[in-house]
Every structure is written in structure tokens, then in C-alpha cells.
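Trainee: Residues per chain are reported as follows:
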Amino acid sequence: MGTSVSKRATAMAVAGVLALAGCSSPTTTSTAAGGAGPLVVATAGEPDTLNPVLNYGVDGGSLIFDGLVARDARNQLVPALARELPTVSPDGRTVTVKLRDGVLFHDGSPFTAQDVVFTYQAVLDPKVDSTLRSDLDMLASVTAPDPSTVVFSLKYAYAPFPQRLALGIVPAKALAGQDVNKAEFNRKPVGTGPYRVTSWTPGDRLVLAANEKYWDGRPANSGVVVAFVPDDNVRAQRMRAGEFDVAELAPKLTTGFDGQAGYRVERVPTADYRGVMLPAGNPVTADLAVRRALNAAVDRAAMVTGLLGGAGEPAYGPVPPTSEFAEPSIVGKPAADPAAATAALDAAGWRPGPDGIRVKDGRQAAFSLMYPAPDSLRKELALAVTADAKKVGIKITPEGLTWDAITPRMKSDALVMGYGTPYDPDFVSYKLFGSAFAGQGFFNPGSYRSAVVDKALQDGRANADPATRKAAYATFQKQLGTDMPWVFLTYLQHTYVVKDAVAGVTPRVEPHEHDVANSLWWNIHTWTRKS
Amino acid sequence: MTTPAPVTAPSPAKAPARRSRRLAGAGAVVRRRLLVAVPILAATSVGMFALGAASPIDPAQQYAGAAAFTASEENLAQIRANWGVDDPLPVQYLRWVGNLLQGDLGWSTSRHEPVTAVLAARAGWTLLLVGAALALVLVASLLLGTLAAYRRGGWFDRALRTTAYTVQSMPVFWLALAAIALFALTLGWLPAGGLTDITATSTEPADVARHLILPVTVLAVAQAPWFVLFVRDAVADSLRDDHVLAARARGLPGRTVLFGHALRTALLPFLTLVGTHLPELIGGAVLVETVFSLPGLGAVTVHAALGSDFPLLAATTLATTVVVLAANLATDLAYAAADPRVRLDD
Amino acid sequence: MTDLALPARLRRAKPRTGRAGAAVAWTVLVGAGLACLLAPVLWPLDESAVDLARTRLAPSWAHPAGTDDLGRDVAHRSLYGLRVSLLVGVVAALVATVIGGLVGAVAGTVGGWVDRVLMRVVDTIAALPHLLLGIFIVAMLRPSLNAVILSIGLTHWLSTARIVRSELLSLRNRPFVDAAISGGASRARVLTRHLLPHVLPRLALATTLMVPHAVWHETALSFLGLGLPPHLASVGNMISDGQRSLLTGAWWASIVPGLLLVVVTLALATLTGRWRDRLDPRVRAELNL
Chain H
1 MGTSVSKRAT
11 AMAVAGVLAL
21 AGCSSPTTTS
31 TAAGGAGPLV
41 VATAGEPDTL
51 NPVLNYGVDG
61 GSLIFDGLVA
71 RDARNQLVPA
81 LARELPTVSP
91 DGRTVTVKLR
101 DGVLFHDGSP
111 FTAQDVVFTY
121 QAVLDPKVDS
131 TLRSDLDMLA
141 SVTAPDPSTV
151 VFSLKYAYAP
161 FPQRLALGIV
171 PAKALAGQDV
181 NKAEFNRKPV
191 GTGPYRVTSW
201 TPGDRLVLAA
211 NEKYWDGRPA
221 NSGVVVAFVP
231 DDNVRAQRMR
241 AGEFDVAELA
251 PKLTTGFDGQ
261 AGYRVERVPT
271 ADYRGVMLPA
281 GNPVTADLAV
291 RRALNAAVDR
301 AAMVTGLLGG
311 AGEPAYGPVP
321 PTSEFAEPSI
331 VGKPAADPAA
341 ATAALDAAGW
351 RPGPDGIRVK
361 DGRQAAFSLM
371 YPAPDSLRKE
381 LALAVTADAK
391 KVGIKITPEG
401 LTWDAITPRM
411 KSDALVMGYG
421 TPYDPDFVSY
431 KLFGSAFAGQ
441 GFFNPGSYRS
451 AVVDKALQDG
461 RANADPATRK
471 AAYATFQKQL
481 GTDMPWVFLT
491 YLQHTYVVKD
501 AVAGVTPRVE
511 PHEHDVANSL
521 WWNIHTWTRK
531 S
Chain B
532 MTTPAPVTAP
542 SPAKAPARRS
552 RRLAGAGAVV
562 RRRLLVAVPI
572 LAATSVGMFA
582 LGAASPIDPA
592 QQYAGAAAFT
602 ASEENLAQIR
612 ANWGVDDPLP
622 VQYLRWVGNL
632 LQGDLGWSTS
642 RHEPVTAVLA
652 ARAGWTLLLV
662 GAALALVLVA
672 SLLLGTLAAY
682 RRGGWFDRAL
692 RTTAYTVQSM
702 PVFWLALAAI
712 ALFALTLGWL
722 PAGGLTDITA
732 TSTEPADVAR
742 HLILPVTVLA
752 VAQAPWFVLF
762 VRDAVADSLR
772 DDHVLAARAR
782 GLPGRTVLFG
792 HALRTALLPF
802 LTLVGTHLPE
812 LIGGAVLVET
822 VFSLPGLGAV
832 TVHAALGSDF
842 PLLAATTLAT
852 TVVVLAANLA
862 TDLAYAAADP
872 RVRLDD
Chain G
878 MTDLALPARL
888 RRAKPRTGRA
898 GAAVAWTVLV
908 GAGLACLLAP
918 VLWPLDESAV
928 DLARTRLAPS
938 WAHPAGTDDL
948 GRDVAHRSLY
958 GLRVSLLVGV
968 VAALVATVIG
978 GLVGAVAGTV
988 GGWVDRVLMR
998 VVDTIAALPH
1008 LLLGIFIVAM
1018 LRPSLNAVIL
1028 SIGLTHWLST
1038 ARIVRSELLS
1048 LRNRPFVDAA
1058 ISGGASRARV
1068 LTRHLLPHVL
1078 PRLALATTLM
1088 VPHAVWHETA
1098 LSFLGLGLPP
1108 HLASVGNMIS
1118 DGQRSLLTGA
1128 WWASIVPGLL
1138 LVVVTLALAT
1148 LTGRWRDRLD
1158 PRVRAELNL
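Quick note, the sequences are listed as chains H, B and G, same order.
When the letters of the first sequence are read in order and numbered with our numbering, they come out as residues 1 to 531.
When the letters of the second sequence are read in order and numbered with our numbering, they come out as residues 532 to 877.
When the letters of the third sequence are read in order and numbered with our numbering, they come out as residues 878 to 1166.
Some hints here could point you the wrong way.
Chain H is nowhere near these chain B residues, computed Cβ spacing over 10 angstroms in every case [unchecked claim]:
1) VAL622
2) LEU631
3) GLY684
4) LEU783
5) GLY791
6) LEU798
7) LEU849
8) ALA857
Taking lysine to aspartate or glutamate pairs in the DMTMM-like style, the calculated list, with each CA pair at most 25 angstroms apart, reads [unchecked claim]:
9) LYS395/H x GLU924/G
10) LYS182/H x ASP617/B
11) LYS155/H x GLU604/B
12) LYS182/H x GLU604/B
13) LYS390/H x ASP928/G
14) LYS455/H x ASP483/H
15) LYS182/H x ASP618/B
16) LYS391/H x GLU924/G
17) LYS391/H x ASP928/G
18) LYS188/H x GLU644/B
19) LYS173/H x GLU644/B
Source of the hints: derived by calculation from the structure; they are not laboratory data.
The C-beta atom is built at its ideal place from N, Cα and C for all residues, glycine as well.
When you get a sec, could you build the whole thing from the sequences and use the hints?
Mentor: If you want it as C-alpha cells, here you go:
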């Protein structure tokens, strides 16, 4: 047996050196237990900064900051630093927010309209290295007519604008006159949120203490420690060793905790999809019959069980089934349907060649499928699609590459892509499928063009009326289902292992991005630990 | 290598005078070494920047992370302009050197903090890991290697060499995972990673020590074969040297001969080679830090390489080179201090 | 530091391993070599084949080493992984030997300031951790088979250069070289006829001893995600893929390829051990052996 030999060799060697070094009596650890200590959560994703202006927790749930609005357990907007939900003018271009009174920052200074103005102006300032600026394209100016009112003026009517107001508000006083990119604040931030930062050791942990004066009531626990452990295996091992109350783990690693006493596994639905982008610039993938055949040939059910350990669901479009905008007619068969795939190929004139690969007009049904090399899930999906396609006579060559090698090839080679937010269908899809963005970097890299989709996406963002929006996005989804510029594969579920002693966990649909902010612990200030 | 002259135990009274004479040339040696070190450091830093020029990676895209998918090209171009990373390389290099002379190592684009802050927060842990592992491996290899050499071909020698060759064939991260599986998971003796207990609010020395036992030991074990085999062969050789044979013939006890004469002779070449092996040890530390999620320089350096973060890369490379050069100088001085035949001023 | 004279005497050391040990090592090496050579003919592997219905099966008659996360046969892929890793190791060691041999030859025959500059370059590179240097090189070139080979080749040539240089320097003063020169032989002729035959065996030895080291380097790069494209079977990729399975009980996915590598490099080390033992300890240490 392999294990015993190598382990024994290691054990001998290690024990030998330990004994020689005179530290032969390692003490046993007893991890902190009981309800008194802070809650400990572990994640792989360490933020680069803790400044919302520089992309920390832009969709809320950031523990340290509050936005003007927040999201509840159903991802519906609720007022936070705003007294009530924002009001939008009839032309959709002026958004007015009334602020809550009596809110204090962690340093004791009062929160005012000037802080809101400062925060949004900092995002718009070209000297500030914020990628958030791209999301606030529509914002012309932000002003404070009085200390408890903020007015946003938009360049054009943009219905989902209130969704962009979950961005955490920073105190103007702490940052005014400084270089926001390099300010000390980015490491030791001051917010209005339920926790204040005690210390941050990059690469190790973020220690948060309860904000006793939190406007929404004192947190139910004394504090939170966020442990940053990038390696999946190490995180799982340390979870098993009992160091964490909650840890985010890869789905396959959580299976060991299922049914284990003292732990439970939370599988949280997300809007985070994975699919194959099929570029219009490749003669094989440009053929609608090939795209339809691929869509029928892929075995989504096997991907969910085999690759995701059951933590996912089949995907057929970019709007998640949990969204109110999801079009019910966009469904497919979770299992592969090779008969439908071969029928589509036969009808279009793709005939099997001598080596089993189909041929049409002297061209083989073959193309490259790129995936970012460090992403093991996308690698596995690429291989699964390759194997499924082979069964119907389409030859795919998977290629694991770095992003800089992928980018120049996206116009003509297929790519395993993924993204998604649950908040508004406009957020990602507008740029990903709009023909105005064809071939612009990661916006619509395959140059998909459809006048129907363009109009639907425009209607969706310009109209405030929910019914109109819903109809627009239904049209959008149906047209994508017809044109199939992508073969959507799966929606992921984010998986967390939680100790049974932790109470108050409220999973909500998560976006692609989740680290300290916006993870399962978005409302950790209401959690308690039974001792 | 020539056979070393017999080493006779110096009488205590004569030793200080002789040593001070021997060390008289030390200042000149240090000066000469420094003169060599400056061109080496300059060449290294230019090399790093030249490699960076060839890099196809866009640091702004790396910085944006997942937001790169929603950020416009105009947005990213503005960020690059803010950093000045699109300036010609000589301009960037001169700016960097200018700042360096004023004690400013620049801004790390991958870590979003000053390079000096990254080094200050992390270099200490890496040095501690490497230093502790080096100390452990030195003590262990001197003991084990000498014992094996004493009974060459005996069961202990054979077992030690077989173990050494086997361990040498194992990748260090593989050893690290096995150690975690055994000592942290199965036996539960030691923590599986991190620097302190996760609920600790400060870095208690005892706590840190307990967390470092496993990484230090793994690093030491992985590097041990090279050291052990060298000591064993060198001591075995010197056991057949004339002065050692003479000592034996004089009827001195085996232990005195072994440790007092044979090991001592073998120690000198060993010392100088420790310095040359240091880069290997640092490479191992990068992998060990990764597996044990220690907040050292290892993981950030890999991250910086992938994100074209030149200021941080240049700083870590230079820091490593400085450490290695300093270690080489130290071993040279130690060699000279220990060996009467080496004169520093020649 | 640069004085790497030949061992003063070749010791009549007792063979480190007995006959039986050598026989086992030869069997392992020849067997592994044959298997790697013949595998593409006898047992071709489809690198992109997966079978999601048969993931993480324990070892059985159908799958002697079980299946991995994607339902691929671990034994089959381990064989190919070994093939790739040995290929990378051998080619990279050859690249390193060529680079080191050229630099050493130039330094040792031309001498003077060229020698001093070249040795200064060698010292500079030797002061850098070569794993980090290798990481930079791969990151700059983008991870691929060629980048890995180049990265290993460019970081492992230093010791070869030193050995060749010192060998040449020591040979230059030997009587037979003097005789050849005074006999009117050209510089090129002296180099090819008299010096090369002495240096080549040393080079061959250095290359062989470098192979396990190069294989280890490839594994480390793959572990850091900087090696071969991750869907290809290489020992490094398989260990790093299999890590995840370790905790869920599927130990075979990472143990088997790792063990295969350990056994083969160990056999290599056993057989080269006799040559290694004849080396001066100092040269040996410089080679990191």
C-alpha cells in the first residue's frame, strides 16, 4: 500500500529530527470553544483593500460599512443609511436619497450627506484606481442640497440605479486631501457598519470587533475573525481540526462533512454560471447547427453530480432561475440528448468522416476550447464538454492558458466563461451580449450580434416599469435560446461547512464575487454560538 | 582538495593573539565583498526589469481581478496611466533607483501597499522559517552524518542513506501534505497551518513556535539529505586522514576522535557550502509557506510574478540576494576564523 | 570557491548497494523506460477523455490504481505522467548541460577577463533561489512544455559550467596538452582531440545526476500552477489534482503517481550512486546532489 510506506518514511524522518532537536513532546491543542469568543470564518478570498471606493464589498454585506441601501435575505433592497428607499424622478434621471439621522462612524464622528458625496465622487475621480467607475457610467454628478439629502443626476435613464447604491460609504474627513489609492485608510478603514476593524494581517486574518453603537442595534456576538486560507485543502483540514465556525470549501471537499456530527453543510444557490462562449469568428462555432448540437450533447446532470458534487444546477441562460426576471420557458434536458444532437448535425449536412469526426464542405467539425489554466473547475468543465462532443462527432481540443494568452484569441476560439450577479439582469448581460460591445475585451468577446437582443437590453435598462422590464428580459432570454451564442452549463452553489453550534445562518442567493463581503456571513452580526 | 594539515588543539593562551592577527584582513575582505556585491545587485535589478519588459501580463487587469470582466478598457487604461506602468522601461527603472536611494522601494501594485510595508510585515516570518530550518538541519545533519560515517556500511549508515535518498526523491510540498495529514489530522498534535491560533489577538511567541514546528521540520527534513550525505562523506573521508589516524593511534577515545578531530576537519568545507545552498532553502520555503498558509514572502512573490508587480519583485529578489551574499560573507569569515591555514588578506 | 580539483584519489569504496539492489534498480528503470516508450503504441491515452459516471473508484481489477475526480484511470495516466516528467527531466537536463558546457568551455579555454565576467555572472545567478527564478521565467513565457524545459535549463546550468571550466583549467597544465601544443597542434584540435574526451564523461555524469532534480523542478512548477497545461497528465499535475481527493478518501489519485516518481528517481539515484561516490564531496555538493 502506497500510503503506509510513504507515510511511515516521513514519520520516521520527522520523528527523528524532532527528537534530535529536543522538541519531542509537542503539546496537544485545544481549540477555543464556548460562546464567548468571536466567531471565526474562513475564506480563500482576501480583499486587496478594505476601501469600498477601491472595490471592497461593492454589493453590500461588507460587515465594516453600510451602503445607502442594503439587501435582505431575498436580495430585495431595504433602506440602510438611507431613511427610506430612493425616489426616482419621472424621467428616470434624478435619484434622491433621504439619509438616516444619528448614525456614527466607528471613530465617533457623525455620518452626513458630505460623506456620500465624497464616496461617489472618489469613484468617479480618474486619479483613483477604481474599476467601479465602469459600473457607474451613467452617473453625471452627486450633490448634497442639505446635510440629510443626496441627489444623484444621471446621464441617461437607468432603471437599476438604486441597486448601485449598496456601495459602502466612507467618511470624507478620513480621506479628504489624501491619495485614496495609497491611504492608510485602505488597511485600517473606518465605517458605520456592525463591526470595526481591530487588525488586519494580510495573508493571515482580519479581526473585527462589534460596533457597540451600531445604528441597527448592537451585534449579537463580540466580534468576527476572518481567516484567509487560500488553499482549499488546508482550509478543509483546519476546518476539520475545529479551528473555524464556518469555512467556505470546494463542493467536493464538503462531502466529507456531510453527516459528520457537529457540522452541517450549507449549499447556497448563486447567480454564478459557467458556460462555453462560442465565437462568431470561428467557421465551425458560427454554424448554428453545431451550437445546437453541442447544447443538446452536453450532459449537465453529470456535470452537476460528477464535477460539482451535487452543488449546482443545470444552466440554460444567463438569468438564474431564482431571479424574478427568469423566463420559465427557458428550460432544457439536464441529461445529454445525443439523438437530438446528431439529428441537428445530419440535417445541416455535417456527415461523419472516416475517423468519426463530422465533415461539411471539406471542413472538420473541430475547434479549440480555451480555459484559464489555474481554474480547476473550468478545466474540468472543458474536459467534460470535450468528451460529450466527441460522442456526437465534434472534435474539441482543450487548451489551458493564462488570461493574457486567451484574450487575443477570444474572437475565434471558444472559451469556458463564467460570471453573474443576482441583483439585476442588466448588470452583466448588457455588455456581454450587446452588439455595441462586440469584440471589446471581455465584453461580448465572441461578437454576438442580434438586433432583437440589443433592443430588449436597452428597453430593460431604460424603463422603470417592472412589467415592461420583465417582458424585455423575457424577449432577451428567448432570443439567446434561439441563437445560442453560448452553451450554458451550470449554475454553481457556493458550499460552506458550518458548525452546528452556530445559530442565525441565513443563506441568500450569492453573486460570483464573495469573500469577506457578501458571503454566507453577510448578516453575521445577528449570529450567535450556543456553548 | 589537499589533505588538511594536522590540527592540534591550540593552547588557550596563544589563541587570542593568533586569531586577532588572522582577522586583521577581515575589513579588507568585507570591503572587497561589498565592491563585488554592488554590481551583482545592480545586475540583478536590471535583469528583473528586463524580464518584466518581456512580460505579456497586464497589471491593471490583474489588479481588477474578477472586475476585469465588467471594467471598460478606458477605465483600465486610466489606472495604468496612474501607475506609470506604460512608461518606457528605462524611465521606470531610473525612477525606481532614484526612489530606492531615498529609501522608498515603491508601491506594490499587486498588494496595494508600499513595498517596504510588505517586506516589513512578511520578511521576518520567512527569515524565521528559513533560519530555524537551517539551524535544525545543521544540528541534525552534523549529528546523523557523523554517526553514519563512524560506522560506514553499518546498519545505521545504510538506513540513513536509504532514507536520505528516499526523502530526496519526494517533492517538499508532498512531504508537507503528508505531515499535515499525519500530525495535524490523524494525530491532532500540531496545527495544520497559520501562524497563530485563529482566535489569538496577538502573536504570542509560544503560540507561534507551536505553529512553526511542522513547517520548520518539513523544510528541514526536505533539505536534510543534501546536508546529511555531505557530512557523512566528508567525515568518512577525514576519518582516514593522517592526523585522525594518528589521534586514534595515540589511543584517544573514539568519541573524541570522531567529534574532536574528524568532524572538525570536515566542518570547514561544509561551512562554506551552507551559503551556496541557501537559495535552495529559500525555494523550499516558498513551497512550504504555500502549503502551511504562512504570511511570509513566498506566496506574495509568486503572486507578484504573475501580476507583473515589478517593484515588489525587484525588492524581494534584491532582499534575497542580499541575504545570500551576506551569508556567503559570514561563512567565509567563519571559515577563516576557524581555519589557521586560510589568510583573509590573500 | 571555484577550485574544483579532481578527487585526489579514487577510493575503493564498497559498492553502496548490493547486487540485489542494483538488479532491482535496473529492473525498475528498464521496465519504466520500456513502458514509457511503448505506451503510446500499446496503450494510447486520450488526454481529454473523462467519464463522470465512474469518478473516484477505488482500486480494482478494472482500474488497478482506481480512478480520479474525472473518472480517468489513475494507473494509465500515471504512466503517461511519468513519461512526460522523465521527458521534461531529460530534455531540460540536456539543455542545462549544453548551456553550462558552452559557458564553461568558453571560460576555461579563453580565460582572462572573459572568464572573470562569466564566473561573475554564474555567481550572481547562483545567489538567486532558482525556484523563484524558474517561476519568473515561466510566468514571462506563459506556462507550456517549452517554457518549463527552458525554465529548468536556464536555472540548472551553473554547476555544469563550473565543472567544465575547472576541468579545462586543470587539464591545460597537464603534460600531454603541453606536448600537443608544442607539437604544433591547433587550438581547435587540442580542444576536440585532447580536452573533449576528458570533459565529456564528466558532462554525461552531470546530466544524468541532474535528471531527478529537473523532474522535481517540473513537479514544483506544476504544483504552483505554472507547469504544463493542467489537463495534461504529468506527475506534478496529478499530485496537485489528487491533493483534493486526499481528504475525501481517494488517496490513490495523488499517492500512485507520486510513488511511481519516487520509485523511479530512487532507482536512478541508486544506480548513479556509484559514480556519485567517486566525485569529490565538494563537487557533489555544488551539484546539489
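Trainee: Given the hint that LYS182/H pairs with ASP617/B, test it: the Cα-Cα distance must not exceed 25 angstroms.
Mentor: 19 angstroms, holds
Trainee: Is it correct that the beta-carbon of LEU631/B has no partner in chain H closer than or equal to 10 angstroms?
Mentor: Holds, because the least Cβ-Cβ distance between LEU631/B and chain H comes to about 18 angstroms, which exceeds 10 angstroms.
Trainee: Would the hint linking LYS395/H and GLU924/G be met if the CA-CA limit is 25 angstroms?
Mentor: 13 angstroms, holds
Trainee: Against the 25 angstroms threshold, does the CA-CA distance of LYS188/H and GLU644/B hold or violate the hint?
Mentor: Answer holds: LYS188/H to GLU644/B is near 12 angstroms, not above 25 angstroms.
Trainee: Within 25 angstroms, alpha carbon to alpha carbon, are LYS182/H and ASP618/B?
Mentor: 20 angstroms, holds
Trainee: Just double-check LEU783/B for me: nearest Cβ-Cβ distance to chain H has to come out over 10 angstroms.
Mentor: 25 angstroms, holds
Trainee: For the pair supplied as a hint, LYS173/H and GLU644/B, confirm whether the alpha-carbon distance does not exceed 25 angstroms.
Mentor: 21 angstroms, holds
Trainee: For GLY684/B, is the shortest beta carbon distance to chain H beyond 10 angstroms?
Mentor: For GLY684/B, whose nearest Cβ neighbour in chain H is about 20 angstroms away, the distance exceeds 10 angstroms, so it holds.
Trainee: Can we confirm that no CB of chain H comes within 10 angstroms of the CB of GLY791/B?
Mentor: Correct as stated: the minimum Cβ-Cβ distance to chain H is 20 angstroms, above 10 angstroms.
Trainee: Evaluate the condition: distance from the CB of LEU849/B to the nearest CB of chain H exceeds 10 angstroms.
Mentor: 21 angstroms, holds
Trainee: Does the structure keep LYS182/H and GLU604/B at a Cα separation of 25 angstroms or less?
Mentor: 23 angstroms, holds
Trainee: LYS391/H and GLU924/G: Cα distance at most 25 angstroms?
Mentor: 15 angstroms, holds
Going down the numbered hints, you'll see the structure goes against none, and every one checks out.
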